[in-house]
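Chemist: First residue of the sequence shown? That's 1 in full-length UniProt numbering, and the numbers climb one at a time after it.
Since the hints were made in silico from the structure, they are not lab data.
Keep in mind that a hint or two might mislead.
To be verified - Below are the DSBU-like pairs computed for lysine-lysine, each with C-alpha atoms no more than 35 Å apart in a straight line: (1) K160 <-> K248; (2) K258 <-> K248; (3) K258 <-> K271.
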Amino acid sequence: MGSDKSTAKGNLDLSKQQQGYQDGRTWNMRTMRLSHAGCALLTMTCAHGFTRPYFRTTRIDIRRARNEPQSAPLPLSCGCVHLSRSKRLQGHSFKEDEASATIQANNEWTEPWTGAESNDLVRIIFDCYEKDRMLIDPWLLSELLLETGAYSSQIEDAAKDTRDETPIFGEHGEPACSEKIWNRSLVMADYGLDVDVGSVLSLIKEAFQLGASYPVRYRLERIVDRDWQKEVQESWKPLLLGDRLLVKFTWHEEEDVKALLASRTAVEDVKVLALEGGAAFGSGEHPTTVMCCAWLQSHLAAESAKAGTDGGEGLSVCDYGAGSGILAMAALLFGAGTAFGVEIDVFAIQSAYRNAEMNGLQMAFVQPVETRTEGTEGGIACVTYQLVQPDGSVDEEDEEVQIAPTDVMLANILKRPLIELSKQISSLTKLEGGKVALAGLLEEQAEDVMAAYRPYFPDIAPADQEGEWVLLVGTRNDVPVVLP
């Protein structure tokens, strides 16, 4: 493509259909134009029948050259690569600066950041309405901004923190580019101080075929460079989960722990769990983790009282979707006999092993290998498991791990994988008395999940609720699970 002279004029046509980016649906590319800024715009027809633009491009540097006039044209980039979908929907991180400039409806660009430190950033915030989506799609705008050299890009609900806020939660397995969007969205992209905002606006207008006079609504903010690691560590205090589990991080001092326990009378009953920060999900502050820990503590205490032992001694616990391993480690601290984790992310497994070692706990972690059959209802045909070593390695020559059913099955994941894995999770729970605790669910999602587990846990029901999050608990019956 780079040698085709027609690319300089932007008139390249594809003689046959090509397969586009596929993430849950198939796109058919029809035609391709090369914009003067170097962005290949492909018009594609999706499964729903309407046409929308799609970007496939090399990364373009939209930065003002130090010694070039501002009006200098951008270099034309030839060649195409698949778009990297590296953004994430982050609906709860925007704090609007009341002192920032009012949203602009023109293309004027001034430099208000004179004297700013070199590590500061410029944030461009675009105002997008659902009624204008056929002109500027927030998802595609976010991806286009990444391709213009933005360090990051995100979409947020403009009504956040108001009564009109509409939560939209993604599910594992859903397309990265969803049809779900807010009535009014803010698309934000962070650039270096040398960004040429005028060129970014021109590229947006050309890519979306808006015309030079179309009023792109945007405003600018300065993002001051800060020591985020230090600030996070200072703001993240030790956590007390339930009555008997205190979670601290590696940077916490003994004084931090004592300060949290100062108001408690039965300090000797509190178990302390140390975690490294940030490497895997499961730091303890989320309501779903809090509910799981509280239920686990209560259940193991009740079982120990029945058996006359201390803390559920001898019971086996599986943490399916272990993340940092916090629930499995909590089970051991509460007196479970054995605990292990199932986790798909090797980096999370490595972090979980380090956490276990830091707390002097012996644990194993296995990685599920999901086989998906095209056309199979639910998507998963079968699941096998392989043992992962502390360094993240897996011996491919080893036979698959056979997991014995456990007394307690914890799964703090999301609705979709919980439903897809209902047979696998049920088969790993002991017949006639094994307990399952399912979390990561909103109240309105509970009934669908309970319906998937009711054949094996007929008494499954909500056992706890924190805000809009619920915890489901059930007891295993004697119905065997028939796996594919």
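Chemist: Decide, hint by hint, whether the structure agrees.
Modeler: Hints versus structure:
Among the hinted pairs, K160 with K248 is consistent with the structure: their alpha-carbon atoms are about 31 Å apart, no more than 35 Å. For the suggested pair K258 and K248, the alpha carbons sit about 11 Å apart, so the restraint of at most 35 Å is met. The straight-line distance between the Cα atoms of K258 and K271 is roughly 13 Å, inside the 35 Å bound, and the hint therefore holds.
Checked against the numbered hints above, the structure breaks none of them.
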